[in-house]
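S.K.: Put together the whole structure using the sequences plus the hints.
The sequence shown begins at 1 in my numbering and counts up by one.
Just so you know, the hints here were simulated from the structure itself, not pulled from any lab data.
Just so you know, nobody snuck in bad clues.
Calculated pairs, DSSO-like style, for lysine-lysine (alpha carbon to alpha carbon, straight line, at most 27 Å):
#	residue 1	residue 2
1	K209	K102
2	K209	K113
3	K161	K209
4	K113	K161
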Amino acid sequence: MRAERQEIPAQPHRYVPDTVVGDVCAELFASLPRSDQRHKGELYVRGLLRAQGRKSVRNIAAYVGGRAAEQSLHHFVASSTWDWAPVRAALAKHVERTMEPKAWVVLPMVISKAGTESVGVEPRFVSGLGQVVNSQQAFGVWAVDDDHGCPVNWRLALPPKWRENVRSVSPHIPRSELAAGPLECVARAARQLQGWAGPPRRPVVLDLKDAEPAAVARRFHAAGLPFLCAVRGSAQVQCSDPALPGAEGRPMAAHRLLLMARTLRRPVTWTDPVTRVSGTSLVAGVRVTLGAGTRPVLLLGEWTDPRGWPQHHWISSLGPMSLGAQLRLARTTRTVDADFTRVSVPVGLTDFSGRSYEGWHRHTTLASVAHAVRLLTSDVRNGEPMMTRPA
Numbered sequence: 001m002r003a004e005r006q007e008i009p010a011q012p013h014r015y016v017p018d019t020v021v022g023d024v025c026a027e028l029f030a031s032l033p034r035s036d037q038r039h040k041g042e043l044y045v046r047g048l049l050r051a052q053g054r055k056s057v058r059n060i061a062a063y064v065g066g067r068a069a070e071q072s073l074h075h076f077v078a079s080s081t082w083d084w085a086p087v088r089a090a091l092a093k094h095v096e097r098t099m100e101p102k103a104w105v106v107l108p109m110v111i112s113k114a115g116t117e118s119v120g121v122e123p124r125f126v127s128g129l130g131q132v133v134n135s136q137q138a139f140g141v142w143a144v145d146d147d148h149g150c151p152v153n154w155r156l157a158l159p160p161k162w163r164e165n166v167r168s169v170s171p172h173i174p175r176s177e178l179a180a181g182p183l184e185c186v187a188r189a190a191r192q193l194q195g196w197a198g199p200p201r202r203p204v205v206l207d208l209k210d211a212e213p214a215a216v217a218r219r220f221h222a223a224g225l226p227f228l229c230a231v232r233g234s235a236q237v238q239c240s241d242p243a244l245p246g247a248e249g250r251p252m253a254a255h256r257l258l259l260m261a262r263t264l265r266r267p268v269t270w271t272d273p274v275t276r277v278s279g280t281s282l283v284a285g286v287r288v289t290l291g292a293g294t295r296p297v298l299l300l301g302e303w304t305d306p307r308g309w310p311q312h313h314w315i316s317s318l319g320p321m322s323l324g325a326q327l328r329l330a331r332t333t334r335t336v337d338a339d340f341t342r343v344s345v346p347v348g349l350t351d352f353s354g355r356s357y358e359g360w361h362r363h364t365t366l367a368s369v370a371h372a373v374r375l376l377t378s379d380v381r382n383g384e385p386m387m388t389r390p391a
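M.R.: Shown next, in the form of structure tokens:
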């Protein structure tokens with residue numbers, strides 16, 4: 001799981017009305033060509049919602065059909081022929097109608113695994129744990145409104161040693177998909193989700209501090225996607241803002257440039273999306289370029305202690321949006337972190353352990369559907385019923 005943020009308690013098991021599950025599954029699985037596939041998809045989602053503990057196929061089957069269902073559900077996820085993309089497209093339209101999302105938020109996930117056989121597993125250094133662990137690296141793109149987040153689209157990054165191995169059992173996967181690095185995975189997933197949802201274009205909020213800021217800007221400008229991306233204070237930028245005439249044209253670290261711009265700071269009031277506690281920060285924005293061939297972007301900085309260095313830094317292509325609105329948008333990553341822990345983990349999002357690349361995508365798609373059902377049936381923060389907007 002996302003090891004660096006574990007302070008939010010998981011949501012307890014809650015009853016989900018059968019009629020809600022049936023209605024949502026009928027809508028989202030309409031693209032599956034056979035009635036038995038649609039039935040198995042609904043059974044799998046019901047198992048994800050009901051089963052306690054790890055959501056293995058055996059555990060899921062125990063709650064929806066016993067031993068007789070285990071082999072059938074395993075085949076449905078690991079080696080069937082149904083395409084997960086139309087299901088995700090239907091999910092995108094569903095959350096568009098029920099949530100009216102204001103942004104797409106990218107969640108990087110490092111999923112720890114005890115063994116080495118799960119698809120995409122390799123030893124990785126996880127900064128949140130401070131050690132090397134066997135793990136998968138995945139990227140989810142979530143639809144987020146003022147209160148909740150729902151995962152819609154996914155990419156699994158495959159290390160080099162896995163690419164040919166996966167191609168040997170999944171020959172129809174495009175090589176371009178297998179060879180995509182983390183940033184390309186994220187950009188493709190976000191662009192695909194925007195295509196499914198349709199206009200208006202929503203900003204993509206990213207927390208990819210290890211990515212090169214110039215590469216992020218080039219890739220998202222090329223994709224036609226507005227973005228707001230967290231960066232490290234040491235990231236190199238070049239000031240192009242006439243409000244700082246003494247700094248124009250000089251390359252320097254982002255945090256140093258923002259310190260020079262501290263006279264431009266303005267107070268911004270915000271409410272934490274998880275704790276609901278209000279606070280005030282000082283925020284400044286400076287126009288910068290990130291290297292040859294890049295368009296100017298806004299460098300945004302936040303101070304919680306006005307006497308020191310900025311605590312957080314972002315680059316943004318959301319120029320017309322106010323600094324306060326951009327800061328509040330940046331905090332939507334907290335919403336996703338909370339709902340990942342409280343909803344996605346309990347419905348088994350990270351529990352697939354097979355070698356099948358297609359199986360990972362199908363399981364993750366079905367778990368995203370289960371997440372959407374859970375959001376429809378209870379408020380994940382206080383247990384109160386949630387009202388959905390009419391179609």
